[in-house]
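**Student:** Chains as they are written, first to last, in full-length UniProt numbering: chain A, 1 to 339; chain B, 1 to 339; chain C, 1 to 339; chain D, 1 to 339.
Errors might be hidden in some of the hints.
It does not matter which identical chain is meant; a pair holds if it fits inside one copy or across any two.
[To be verified] Under the rule of at most 27 Å between Cα atoms (straight-line distance), these lysine-lysine pairs were calculated in the DSS-like manner:
(1) K164 - K315
(2) K166 - K320
(3) K219 - K320
(4) K122 - K164
(5) K240 - K336
(6) K166 - K326
(7) K240 - K219
Don't read these hints as lab results, they were simulated from the structure.
Number of protein chains: 4
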Amino acid sequence: MIFAMFISHLSNKRLQNQEAIKRRCYTRSVEMAKKLLLVDVDCGVDDAQALMMALAAPQVQNVCRNTLRVLRVCNRTEIPVFRGAASSLVGTRASLPVDHFGTDGLGDAPDETDTGTECVQKEHAVSALIRIVCEHEGQVSLVAVGPLTNLALAVRMDPTFPQKLKDLYIMGGNMEGKGNRTVCGEFNFVMDPEAAHVVLNEFSCPMYIATWDFTCRNKLPWEFFDEWVSQDGDKAAFMKRITSKCRAYSRATSRKDVLFGAGFVSSENEPQWVGNDSSVMSGSIECSVSVELRGELTRGMMILDPSHTLNKKHKAFLMKEWDMNKFTQLLTAALKQSC
Amino acid sequence: MIFAMFISHLSNKRLQNQEAIKRRCYTRSVEMAKKLLLVDVDCGVDDAQALMMALAAPQVQNVCRNTLRVLRVCNRTEIPVFRGAASSLVGTRASLPVDHFGTDGLGDAPDETDTGTECVQKEHAVSALIRIVCEHEGQVSLVAVGPLTNLALAVRMDPTFPQKLKDLYIMGGNMEGKGNRTVCGEFNFVMDPEAAHVVLNEFSCPMYIATWDFTCRNKLPWEFFDEWVSQDGDKAAFMKRITSKCRAYSRATSRKDVLFGAGFVSSENEPQWVGNDSSVMSGSIECSVSVELRGELTRGMMILDPSHTLNKKHKAFLMKEWDMNKFTQLLTAALKQSC
Amino acid sequence: MIFAMFISHLSNKRLQNQEAIKRRCYTRSVEMAKKLLLVDVDCGVDDAQALMMALAAPQVQNVCRNTLRVLRVCNRTEIPVFRGAASSLVGTRASLPVDHFGTDGLGDAPDETDTGTECVQKEHAVSALIRIVCEHEGQVSLVAVGPLTNLALAVRMDPTFPQKLKDLYIMGGNMEGKGNRTVCGEFNFVMDPEAAHVVLNEFSCPMYIATWDFTCRNKLPWEFFDEWVSQDGDKAAFMKRITSKCRAYSRATSRKDVLFGAGFVSSENEPQWVGNDSSVMSGSIECSVSVELRGELTRGMMILDPSHTLNKKHKAFLMKEWDMNKFTQLLTAALKQSC
Amino acid sequence: MIFAMFISHLSNKRLQNQEAIKRRCYTRSVEMAKKLLLVDVDCGVDDAQALMMALAAPQVQNVCRNTLRVLRVCNRTEIPVFRGAASSLVGTRASLPVDHFGTDGLGDAPDETDTGTECVQKEHAVSALIRIVCEHEGQVSLVAVGPLTNLALAVRMDPTFPQKLKDLYIMGGNMEGKGNRTVCGEFNFVMDPEAAHVVLNEFSCPMYIATWDFTCRNKLPWEFFDEWVSQDGDKAAFMKRITSKCRAYSRATSRKDVLFGAGFVSSENEPQWVGNDSSVMSGSIECSVSVELRGELTRGMMILDPSHTLNKKHKAFLMKEWDMNKFTQLLTAALKQSC
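Could you build the full structure based on these sequences and the hints that come with them?
**Tutor:** Right, here's the structure in full:
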């Protein structure tokens, strides 16, 4: 049996580019021998990468859906794709001047084979999420690597949704009040703070968070990256093409600690690999978390509450340590492997 | 052809009373000769009344759904009922110490015939809203007399939902910064400010708002009320029973200007009657509106922007004048009439 | 015995014009037969007018201090002037594009006799306020027609300051959530919401407020204004010169309900006249009041709390009715009279 | 020549205890050979300690003012003391359940020699601050170990105050969004966020900040503390008495990372020692800083802006490394020395 879905998060200027819309923003689900994995993706290079990684995960027997372009590169166009929420929960948008992804979010690499969005399913991503999780209660690992709008909508449409999940992996937030999108806030949380608030407060399933701080501290050297995308094969070539803009940006800038230092590679893949193979995460903190909604400078900032000041029952696992050896092995295999 | 739906808003302590849940919180749709009317209801005495009024509207040929109890009183149990959002959009709840409705929200009047919630449909109210409005594009008048959570979810699930509506009637908000729920905020907006924000900003269809201020200025005398519920028939008797607590509260208190002065009768019926028969509204202001999300004292307050300071394109019609003669005639007929 | 003082409020772009600084921003105190009146003035045409009115008050025997230019016109240059706070309490400034006052705040009318600011006292206005009020405990009526920064500083420097006042007259705030500076806020309160908050919360003396709404509803016809400034004498000529820009603005615009409809004349004079002769105020509401500090759209909005939701002990008197006959008589006399 | 002043910060429940008021809350100034040091103190054990340390500083030739009790213990009652602001800038108070200081803020150690507050000067602390700094332009090092209310008032009363300072040392704020007073905020900043905002934004002199995080990472072992207060002499005995409650609290609790781990000793002394002898600070970060005023959970949190997102010109030095050897030597000498 095969599941998959596309869930777009559109808190993103890149999506105002109609051509771009066609190639991004998905959630896919993969069912492995004993594992069902749903990935909620936003857009752009980082997510294309995440999808390719997911498709390459050795335990994944049956990949279900994916983005159209990445799916084509991987020859998996049979997989259906769903469209999700078109704006943040409350609809207040932050502007998005992220140029290193290119104007189409996939590095402006030409796409000669673009076949449009006909293959996008009619069922809304949130409905599909609820349906699939309901059909496989207790079995689904959900991985969210974009803003959390769809997850917030899912719990609002079905209050029992969180308890039916096996676990949840989030890429987003920060641990020390420093941000990459605003002075205090990380991109995914800032793009939809209310959604992050709903998810952190109402998803009572086991929750694992790969924060931006964590990502920054677990970067791979660019030497590895260059070698990695220079492997033989279509997938490596595709990865090289869509990342060339980021790579140049990274060379030109001295802000090595921000989104695209050598950390580019790992950022959106970490929660997913943990979903695939939790042994990659070698250390974590268990802590109550929340998100600031009202601050003038801190709106969207993730908040840690180790002293239980906020009296929240639920705790999240914040990733702290990472097995880099295992990780580089998995990455290398992913682009090598045919899927 | 008959439509109807149940959409619960649960921003309400009364709903923690499980017995109470069974009897409240619906949206029903009624299709008339040429008119399709959906009513999004919250709970309690006020909404029971609104539903009874809707059922009695002379032009309504086919009532579709309604609350179970009110439906029983009106012998319309064939009508399906849907359940909607269980909390506000962002999930931050205000506490609700409204005693004059009784602990079950229907005046604590015993319900010997309670048959549970089996008849509630499995389709979610938001999905049903989207489906019905899509099936009858341009024909549906939507009436919202509770917090606007479901409407906000509908536009998030389907961005084209607002433009498919014929028009929207809202009971909620205020025009002069004075509130009945908080010092500056009206109940329905305060219960879900973010939802109100989404609806006021994103529903581009014609929008009519019966604010709390308007309601307070268009009260019916208690003499009329007493006469009205003392008519013969089951419906009047039921209305009298569920309103006895409110009536007593109203006598005991001097806060005539708040929720339950003689205005009780009209408050939630006004937008509906306008939906039924717009000639009841004899005057209105056209004005851009918004809602405050961040204020410490003003969160949930409706904001009028007559000078276009906020540069919003869309304007709402704020009800200003009301044909009381016509209104009392309609009310009287509603309880007299058998449905 | 004669007192007077100058208290500048500088939340104002006009004050960045160095030439302009010389001519504005004072508090003066006047001691009458049995009356000690301090006026805390901001700047510009409106305040010049307020000062001239104060100087002309028939009961004022001894005017103490005033703005340098107005003082010169009135031949009262012996009166000392003090400088007050140079920015709002917290220092976050709103920009100030008020053109109808001219770039110097006094209608850009040439000032051939400008003698600089040498006459400004070295004692800070706040210190002088505290000192004088302390020396005349229970006798001082304080009139504030600008942002309330200096008053807030006074209570912070001396917590007993409010209780030593006889009473306080404020021109500022609004009663219905509509503003002239922002969509919901009145100029003086918006320029320093924190100061307004401190004053409304901590000044326990009798407090009278002439809100912007009140002012708008008690305008004088422009016919009266034209006649008024066309009287013989230096003072009328001066008033005509400094108001010519406002007058033109008023003719050109259809926003009759905003700051400069025919209401121009009365706006800043009302609290002062009440301070002089309370019989001008023919009706008022007693009500707890506060001010919103956090709102995104409502920051600086005055809040009425008639139902005591906020549990504040102190109430203010909000002016509601005004004896227009008496007022026009006083105004006419003011420009006629020699001082 | 000798200077001194008392500046109380009263954002503190302990001050509601009238007896307690007598013994706390000062700023003193000390002029050394070439050094003029003003210390703005809040209250309680921590500040008593800070004062004793200051009095003991070997380079201090002439201690000017100090708290009455500490001054008596040190036989320095000739030094005048001034009273400062009685509440935070905007007057919104946070409640203060800090029990480990005792109800009087000095560990509830009996004070048989209490002679009241007669010796408190009539000049307000803010006026005295301005006056002294003006008289010694460019020479004064100001050390603030409490909420920053008085400093904010000083710049509001005299905009040139900051530029006349030699430098400013602040104990307060945090660097990683974790707090000791609220989930995200440090005590001194949370007690008066607006004052912190004013100081961080408007004090253009060199500014050194010892944050709470820094303090926590530079604790002294309790073994040192026990030995330290067990030295011979009145001062050590006094220190032991007023700290016994804290010591017990520290033993009983496992929250070693909060205000009173072994860090108790150093917390309020660090900025002062740097003021005395900057060689104690062995490393720092230069960074733009601000403070959140609006957040629901983050109000009062200090914000670092290393990427200049906020476009602030001024930078502060955030202490990072500390010479513990030098520090323990200075501490030991302080209680030994007779003053």
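**Student:** Enumerate the violated hints, using their earlier numbering and listing them in ascending order.
**Tutor:** none
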